[in-house]
Each structure stands twice: as C-alpha cells, then as structure tokens.
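As numbered in my numbering, the sequence shown has no gaps in its residue numbers, which increase by one up to the final residue, 487.
It cannot be assumed that every hint is accurate.
No more than 25 Å apart at the CA atoms, straight line, and that leaves these computed lysine to any residue pairs for SDA-like [unchecked claim]: (1) Lys66 / Val44; (2) Lys66 / Ile196; (3) Lys66 / Arg95; (4) Lys66 / Gly177; (5) Lys66 / Tyr146; (6) Lys66 / Ser121; (7) Lys66 / His122; (8) Lys66 / Arg129; (9) Lys66 / Thr56; (10) Lys66 / Asn162; (11) Lys66 / Thr90; (12) Lys66 / Ser50; (13) Lys66 / Val38; (14) Lys66 / Gly108; (15) Lys66 / Phe170; (16) Lys66 / Asn94; (17) Lys66 / Asp169; (18) Lys66 / Thr119; (19) Lys66 / Trp92; (20) Lys66 / Ala42; (21) Lys66 / Asp48; (22) Lys66 / Asn52; (23) Lys66 / Val29; (24) Lys66 / Thr84; (25) Lys66 / Ser124; (26) Lys66 / Glu27; (27) Lys66 / Gly31; (28) Lys66 / Thr202; (29) Lys66 / Ser40; (30) Lys66 / Ala28; (31) Lys66 / Leu113; (32) Lys66 / Gln35; (33) Lys66 / Gly105; (34) Lys66 / Val55.
These aren't lab readings, by the way, just hints derived from the structure by calculation. Since this is a predicted model, take the numbers as computed values, not measurements.
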Amino acid sequence: MSASVGRWSVLLLLLLASLSPLIQVSEAVGGTISQDEVWSGAVVLDSDVSVNSGVTLTISAGTDVKVPDDYTIQVTGNIVIEGTSASPVTIWSNRTAVGGTSISGVWGGINVLAGGSVTASHVSVSRARGAFDVFGSGTLDDVTVYDSFVGMRLWGSATITNFACERIDFTCLEVRGSASADGVSTRDAGLGVDHIGSLDLTDLTVTDSGLGIQYADGSSGSTQVVNLTNLQTGLVVRGATSVSASQVRGSNLGLLMDAVSTSGFTLSDANVTDIEVLVLGTDVLDLTLSAITVSSASSGSSTTSPWAVDVRNEGSFRLQDSNLSGFSGGIRLTGSGSHFLDGVDLDLSGMFIDASGTGSLLVEDGTWVTSGDGFGHLSSLTTEWSQLSMSGGSAVESGLEITGGQHSFTTVEVGRQYQSADQQSVGMDVLWADITANGLTFSGWNTGVDCGQDCSITGDSLTAGQGGVNGGSGMLVDGGEVTLVGL
C-alpha cells in the first residue's frame with residue numbers, strides 16, 4: 001500500500017468517526033438526535049431525548065445513564081444498548097417523587113414509536129412509569145426492570161430472552177402485539193404477564209405477586225414451563241382465546257385459574273401444592289383441564305369457594321386424568337352445559353360433588369375417597385357414571401342425594417366403612433328422578449337405596465346390604481317403583 005493510500009484510509013476513518021459523536025463521561029445529553037450517536041461512561045439526561053427516524057443511538061457496555069427529572073427517551077429510529085454480562089448498562093433515576101414517598105414511576109422510560117426499533121442486552125432500567133413502551137420492534141436479551149409501574153408494554157413485535165422484573169406496581173410484561181419470549185421472571189408485582197395479543201412464552205416464573213398471567217379475549221399462542229409461588233391467582237382467562245398452557249408448577253396459591261366466558265383455552269400437566277381452589281369458572285363456554293395434580297394444605301373452606309372446582313358451564317367443561325387431594329369440597333358444577341370428568345381421582349375431607357342445572361354430566365373412571373359426612377348432591381341434570389368407586393369412613397351418613405333428572409350407573413361402587421351400630425346411613429337417596437343401574441353396588445350402608453316419591457329404578461343389577469343394625473336394609477321403596485333384572 002502506498003503512503004498516500006494509507007493517509008486517505010486514515011482520513012476516511014476519522015471522517016466516519018466524526019459522523020457518530022461519542023458522548024463522554026459525565027456529559028449531559030438531551031434534545032433531538034439527528035445523526036448516529038454513541039453514549040458511554042456516565043451520562044446524565046438534561047431534557048427529553050428524541051432519536052429521529054433513520055438514526056441510531058448506541059449505548060455502550062458499562063454506561064451509566066442517570067435521569068434526574070421526568071424525562072423520556074423517544075425513539076423513532078433505533079436504539080441499541082450494548083451491555084455485557086461483565087459490563088452491563090444501567091439506566092436509572094435519582095428524582096424524588098411528588099410527596100417524597102414512592103420510588104416508582106418518576107420518569108417516562110424508553111418509548112419506541114412505530115417504525116422504530118430497540119435492541120437491548122444486559123441492561124437494567126429502574127424507576128420508570130413504563131421502562132419499555134414498544135410500538136415498533138424489539139430484541140431484548142437479559143433485561144431487568146426494577147421499581148417501575150410497568151416493565152414492558154408491547155404494541156409491535158419483539159423477541160424476548162431473559163426478561164426480569166422486581167417490585168413492579170402493575171405489570172411486568174404486557175403483550176398487545178406479537179412476541180416470542182423465553183425466560184420471563186417476576187417478583188413482587190401486581191401482574192406477571194398480561195397476554196392480550198399473540199405470545200409464545202416459555203419459562204415463566206412469578207413469585208410473591210398478585211396475579212401470574214392474564215389471558216384476554218382474543219389472545220393467542222402458548223405458555224409452557226410455568227412456575228407460580230405465593231400468588232393470589234395463577235391464571236386469569238377471559239373470553240375467547242386460542243391458547244394452550246402446559247407444564248405448570250407452583251405452590252401457595254389462592255386460586256390456580258379464574259375463568260370467565262372462556263372458550264378455546266386448555267391447561268395440561270399442572271402440579272401445584274398448597275392451593276385453595278383449582279378453578280373458579282363463570283359462564284364457561286369451552287374449557288379443558290387435563291393431567292392436573294393439585295393439593296390443599298388445609299381442609300378449611302376457602303374464602304373464594306368451598307370447592308376445589310367451582311364452574312358454571314354453559315358450553316363444555318372437561319377435567320380429565322387428574323388428582324385432587326386435601327380439599328374440603330370436590331367439584332361443584334352448574335349451568336346448561338356438558339360436564340366431563342374422565343379419570344379424576346378425589347381424596348377429600350368433604351363432599352365429592354354438587355351438580356345441578358339443565359346440562360349433562362359424564363363421569364368415567366375414578367376413585368373418590370372422603371373422610372367427611374356425605375358424598376354429594378345431584379339435581380335436575382342428566383348424568384352418566386361408569387367405572388367409578390366412591391368410598392367414605394365411619395363419619396359418612398349420606399351418600400348421593402339425587403333430586404330430579406335422569407341418572408345412569410354402570411359398574412359403580414358406593415361404599416362406606418362398616419359399623420354394626422349404624423341405624424341411619426343411606427347410600428343413595430332418590431326423589432323425582434330416574435335411575436338406571438347396571439352393576440351399581442352399595443356396601444356398608446344401613447340402607448343402600450331409599451327410593452322415595454316419584455323415584456324410578458330400572459336396569460340389570462343393583463347390589464345393596466351388609467350394613468348397620470341387623471345388616472341394614474338393602475333397599476327402601478317409599479313412593480317410587482323398582483324394576484330390576486337382578487337385585
């Protein structure tokens with residue numbers, strides 16, 4: 001290379017460098033950025049910052065950005081935050097809030113407008129109203145937000161990896177646009193994730209907060225690998241969604257799922273301990289829960305509901321391949337919809353079921369055990385039972401109390417612990433209802449079946465007896481009629 005060519009190369013490099021001003025240590029910045037700019041060292045904002053379209057603001061590794069007043073960084077162009085694990089970027093405020101008490105929400109945060117972009121890695125942002133408001137696009141990796149109203153609100157699109165929030169007044173991550181996220185953690189927040197748009201989320205942890213994740217009407221995507229600890233409610237589902245949630249783990253929740261007018265939502269593979277209620281559903285249209293294992297630490301009644309499952313169903317509700325233990329009450333179902341309990345095991349201190357309304361109930365394949373004094377109530381609806389065992393201890397005095405409706409039992413056992421002095425226990429008390437018995441067996445009851453007014457029992461076989469004083473009574477018919485092939 002000739003000497004003249006070398007000189008021209010040096011001059012070209014100097015010219016290019018002059019086009020990207022470098023903000024040095026302790027320099028005050030503010031106003032409009034109309035050409036590429038680099039911040040490094042200690043930077044102090046002295047006004048709002050606006051990054052024009054087509055312009056890139058770069059914040060170098062190790063930079064400390066202080067926001068002493070209510071300023072906002074607004075980006076129509078691009079902002080690139082180049083922190084590293086060894087030299088992260090810090091953006092914070094030392095402003096005293098009005099009243100001097102709150103430390104949250106004292107500056108405007110980073111606002112990326114439509115057409116703008118943010119690329120951020122290894123950065124912490126604190127004390128903002130919204131640390132990131134993104135109407136454009138974003139790529140965030142290893143970002144932490146402290147002491148703010150909201151961690152990130154997304155109207156545009158983003159790819160998010162390892163996004164963490166702590167001490168958040170409202171929401172850590174709110175997605176109204178579309179995003180894929182791998183690794184979101186929240187501690188001490190009102191809400192972990194507000195899923196409003198399209199979100200595929202893997203590895204969510206929410207601890208010591210109000211709500212875990214909220215799914216809004218119209219939301220779509222998936223949520224998998226979820227850890228929820230010390231929350232009021234884990235999952236909130238509203239309206240029509242196209243979302244599947246799976247691999248949920250957790251403990252110490254008031255309520256795992258709160259569902260209202262829900263359709264299109266599925267929850268599978270959940271294992272949660274120390275909860276008060278599994279699901280509270282209102283006007284459910286389509287909801288499926290499968291492979292759910294939950295337990296309650298106390299048999300005392302919840303302030304939300306005395307039942308582990310409490311659902312008003314106007315469409316379809318399905319609980320399958322699940323185990324519920326330690327609750328004071330099992331399952332309460334109402335409404336005009338179709339209820340399905342398939343492969344559900346219960347171990348409770350109170351009633352198994354309370355089902356009513358104009359809908360239908362299908363129960364298949366399960367083992368239900370209680371230490372309480374009754375099995376439950378069926379009223380008006382149509383039910384089908386098969387391959388089920390219900391049993392109780394010596395405290396049980398009443399089995400199933402059935403009022404109205406049509407009910408079919410195939411290979412079903414209804415039993416209690418035998419007591420020779422028992423004079424009043426009844427396995428099934430039926431009024432104004434039609435019973436079809438095909439392999440319905442009662443054991444340990446003083447009276448197996450009490451067929452009262454307008455009771456009709458038909459079918460192939462019913463077995464009852466061997467309980468109470470003098471062996472008890474297999475069946476008592478008082479105002480009803482019984483027609484069985486085998487008794």
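Status of each hint after checking the structure:
no., hint, in the structure
1, Lys66 / Val44, "5 Å, holds"
2, Lys66 / Ile196, "32 Å, violated"
3, Lys66 / Arg95, "9 Å, holds"
4, Lys66 / Gly177, "30 Å, violated"
5, Lys66 / Tyr146, "14 Å, holds"
6, Lys66 / Ser121, "18 Å, holds"
7, Lys66 / His122, "17 Å, holds"
8, Lys66 / Arg129, "15 Å, holds"
9, Lys66 / Thr56, "20 Å, holds"
10, Lys66 / Asn162, "24 Å, holds"
11, Lys66 / Thr90, "8 Å, holds"
12, Lys66 / Ser50, "16 Å, holds"
13, Lys66 / Val38, "16 Å, holds"
14, Lys66 / Gly108, "13 Å, holds"
15, Lys66 / Phe170, "23 Å, holds"
16, Lys66 / Asn94, "7 Å, holds"
17, Lys66 / Asp169, "21 Å, holds"
18, Lys66 / Thr119, "19 Å, holds"
19, Lys66 / Trp92, "5 Å, holds"
20, Lys66 / Ala42, "8 Å, holds"
21, Lys66 / Asp48, "12 Å, holds"
22, Lys66 / Asn52, "21 Å, holds"
23, Lys66 / Val29, "10 Å, holds"
24, Lys66 / Thr84, "19 Å, holds"
25, Lys66 / Ser124, "12 Å, holds"
26, Lys66 / Glu27, "11 Å, holds"
27, Lys66 / Gly31, "15 Å, holds"
28, Lys66 / Thr202, "33 Å, violated"
29, Lys66 / Ser40, "12 Å, holds"
30, Lys66 / Ala28, "10 Å, holds"
31, Lys66 / Leu113, "22 Å, holds"
32, Lys66 / Gln35, "22 Å, holds"
33, Lys66 / Gly105, "14 Å, holds"
34, Lys66 / Val55, "22 Å, holds"
Comparing the model with each earlier hint shows violations of hints 2, 4, 28; every other hint is respected.
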